[in-house]
Amino acid sequence: MSAILSTLPGKLTSLFAFTESPHLNGGQKLASKYFTVAMALFVAQLLFGLLAAIQFIWPNFLFGWLDFSVNRMVHTNAMVVWLLYGFIGSVYWFLEEESGTEIVGLKLGVIAFHVLTIAVTVVVLVYLLIQTGPGKDASIWFINEGREYIEAPRWADIGIVLVMLTFFYNVAATFMKGRWSGVSGVLTLDLVALAGLYCAGMFYLTNITADQYWWWWVIHLWVEATWEVLVACIMAWSLMHLLGARRKIVQTWLYIEVALMFGSGILGLGHHYFWIGTPDYWFSIGGFFSALEPIPLVAMVVHSVYDAGVHKFKATNHPAMAWIIAHTFGNFIGAGVWGFMQTLPQINLYTHGTQWSASHGHIAFFGAYATINIAFFYLAIQKWRGNVWMGGELPDNGWKWKWSIGLLNFGVLGMTVALLIAGYEQAFIERAMQGSTWNAYFAAQDHPWFREAMVWRTLFGLVTLGGLGLLIWDLTTIGKAEPRPALVLAPRD
Amino acid sequence: MSQQPPNWASEARWKKIAIWVTAGSFVLLIFLTFDTLSKTSVGGERVRAYSVINQEIDYRFDAQKNRYMPVIGKEAPLFGKVVTEAEAEQLVTLGKKTVQSKNCMNCHTLLGNGAYYAPDLTKAWLDPNWIDAANRENLMLTFLKDPVGNARANGSGRRMPNLGITDEEAHGIVAFLKWMSAIDTNGFPNNFTTINAKEQP
Chain A
1 MSAILSTLPG KLTSLFAFTE SPHLNGGQKL ASKYFTVAMA LFVAQLLFGL LAAIQFIWPN
61 FLFGWLDFSV NRMVHTNAMV VWLLYGFIGS VYWFLEEESG TEIVGLKLGV IAFHVLTIAV
121 TVVVLVYLLI QTGPGKDASI WFINEGREYI EAPRWADIGI VLVMLTFFYN VAATFMKGRW
181 SGVSGVLTLD LVALAGLYCA GMFYLTNITA DQYWWWWVIH LWVEATWEVL VACIMAWSLM
241 HLLGARRKIV QTWLYIEVAL MFGSGILGLG HHYFWIGTPD YWFSIGGFFS ALEPIPLVAM
301 VVHSVYDAGV HKFKATNHPA MAWIIAHTFG NFIGAGVWGF MQTLPQINLY THGTQWSASH
361 GHIAFFGAYA TINIAFFYLA IQKWRGNVWM GGELPDNGWK WKWSIGLLNF GVLGMTVALL
421 IAGYEQAFIE RAMQGSTWNA YFAAQDHPWF REAMVWRTLF GLVTLGGLGL LIWDLTTIGK
481 AEPRPALVLA PRD
Chain B
1001 MSQQPPNWAS EARWKKIAIW VTAGSFVLLI FLTFDTLSKT SVGGERVRAY SVINQEIDYR
1061 FDAQKNRYMP VIGKEAPLFG KVVTEAEAEQ LVTLGKKTVQ SKNCMNCHTL LGNGAYYAPD
1121 LTKAWLDPNW IDAANRENLM LTFLKDPVGN ARANGSGRRM PNLGITDEEA HGIVAFLKWM
1181 SAIDTNGFPN NFTTINAKEQ P
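Protein sequence lines correspond, in order, to chains A and B.
Using my numbering, the first residue of the first sequence is number 1, and each one after it goes up by one.
Using my numbering, the first residue of the second sequence is number 1001, and each one after it goes up by one.
Since the hints were made in silico from the structure, they are not lab data.
One or more of the hints may lead you astray.
As the list claims (entries may be wrong) - Here chain B is said to cover these stretches of chain A; the calculated rule only asks that three of the stretch's residues, wherever they fall, bring their Cβ under 8 Å from a Cβ of chain B:
hint, stretch
1, 166-175
2, 440-450
3, 456-470
As the list claims (entries may be wrong) - Below are the DSSO-like pairs computed for lysine-lysine, each with C-alpha atoms no more than 27 Å apart in a straight line:
hint, chain 1, residue 1, chain 2, residue 2
4, B, K1081, A, K177
5, B, K1081, A, K136
6, B, K1145, A, K136
7, B, K1015, A, K248
8, A, K177, B, K1016
Please read all numbers here as calculations on a predicted model, not as lab measurements.
Glycine included, every Cβ here is placed at the ideal spot set by N, Cα and C.
Modelling step: build the complete structure from the supplied sequences, incorporating the hints.
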């Protein structure tokens, strides 16, 4: 046993040996590991989403083995975790360049990566094999916390916080040793908030109103505030790197975005407090501030398109640039427009808890977060291969990346529209007409409009899966035999 | 394009604005959090004491407020036994922990939050699907302990899987659902016809 344990770190390291490349700095080597696991979890997200989608059409499929609740939980959890892996990887990727020095605790970072990856594996295995437990604290500590998106049992929560603290230490200490910038300052403060907020989801309460009050602190203040600022930092760095955009302009935009995002997003939290038992003053506060939430996202579209235009779309990495543009539009349409559509309490009374939210969730998470991570994967693979050419005139006209970006966006958009139709139908038939009883619920679920929407959602899910397959194929082959070096942009600081 | 941006677009100015706006919003949120938590503590008007399970609960349209409101009625003890606040809390806690451990929220919604594969549980206690108030408790217990064997026909073909819910846990879940149905959810869901309204329109 002890012999196995002593060789375990070596075995784990060799598991990720294929991610090694001589062209990377320490942080980038670690980032490659994060990106690899992120891609694996991205695949898991889509596969389990597909199983759940199929169960809407054939409810007996895997019934009693892998029930909808399990598939849906793995689907959403894999998404949250792969996005986090992507973000952590992206920050490690540019940490040394941005700070101008080597990462302070790289070894610690590598250990934290392995600890996190083992923990994620164990959590998923328990989800799949044990699934549920008795109504005791032990179940919440070791099996499943049963709170949407943050179902990870308490032991894993503590592990996640420790890993996040290690990550935070590496980021803050490296910038302190090297140099600070606007991007790094915003990033470091944002990470404090991100780690701190997670603690709001780590205690048990019987009072479900107070429970959901704090639960939304984690979910909303991550997804609609701190994650948005985190990707704004990643995008700021990417635009400088990809287009040679001037730091002063990028950082000014970053501050504008922070002011608008936190200014609307922090109190925008109130749009989750309409119906959970909290006072009705949240109608005005939540409605007003969350209605402002799309504004920073418009600013991001203007900012990225303007920057790209000023630099005449002369970018070092075309696939990455295309995904950055997809990110800004996706963020605005998915998080901004789709969120705004149901954010006022007058409509939310009928849409809350229907497929309308699932529609918003699909396009918002993809548009705001999956896209920027994929952009970064392309930046990473370019450097990984030795900073090769990745502009226009790629072999085969770059059909793989073009088709994969097309299929992924088309697939997610298709799922979104299908779910929106289902959501409209539910809001009218179940909620407005029949008054939300269980019979009303099933009347809406059995309506042909709903059933057809579920079929379309599954078909578009398959399109998305096809896009992902192509993306993986492209990432493993792009730039492989590329003799041309990457485009060098004149530095403009 | 001039090299020096105008004052309103300067980096330093926006940095200050970002800091002040973030700090100001956060301070407001902290203030509102204290207020909300004090107004939603158990035993208040919005979130009732756990011992509310000793009473009849209904959900009716309030003409003055122009929305649906929970209505607490005469004594109607759950499982025919009046319990103290401490006993009620213990029972509801067992129910809530079971609801979490069995991962109910990944098929159902609670207070409208969760997954959309199965019906909302916010007013499950009051749903007319339980036929009448006299049979409701037993129907709920029987269903929870063997949902596959007692599956109710619905056109969707969806069934709840057997989750190994014990008799004790089932009692806890029913208590939790009854207590939750008394929470003032600002009129969500709207236009809901309760089991009582069906009996006494």
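Each hint tested on the structure:
Given as covered by chain B, the stretch 166-175 of chain A fails the check, having 0 residues with a CB less than 8 Å from a CB of that chain where 3 are the minimum. With a cut-off of 8 Å between beta carbons, the stretch 440-450 of chain A has 4 residues touching chain B; three or more are needed, and the interface restraint holds. Note: the stretch 456-470 of chain A has 0 residues with beta-carbon separation from chain B under 8 Å; the three-residue rule is not met and the coverage is violated. With a C-alpha separation of about 67 Å, the suggested pairing of B/K1081 with A/K177 is violated against the 27 Å cut-off.
Only pairs whose Cα atoms come within 27 Å are accepted, and B/K1081 paired with A/K136 is accepted, the gap being roughly 24 Å. Our distance criterion of 27 Å between C-alpha atoms is met by B/K1145 and A/K136, whose separation comes to about 17 Å. A C-alpha spacing of about 12 Å is found between B/K1015 and A/K248, which places the hinted pair at or below 27 Å, so the restraint holds. With a C-alpha separation of about 25 Å, the suggested pair A/K177 and B/K1016 falls inside the 27 Å cut-off, and the hint holds.
In this structure, the earlier hints numbered 1, 3 and 4 are contradicted, and the remaining ones agree with it.
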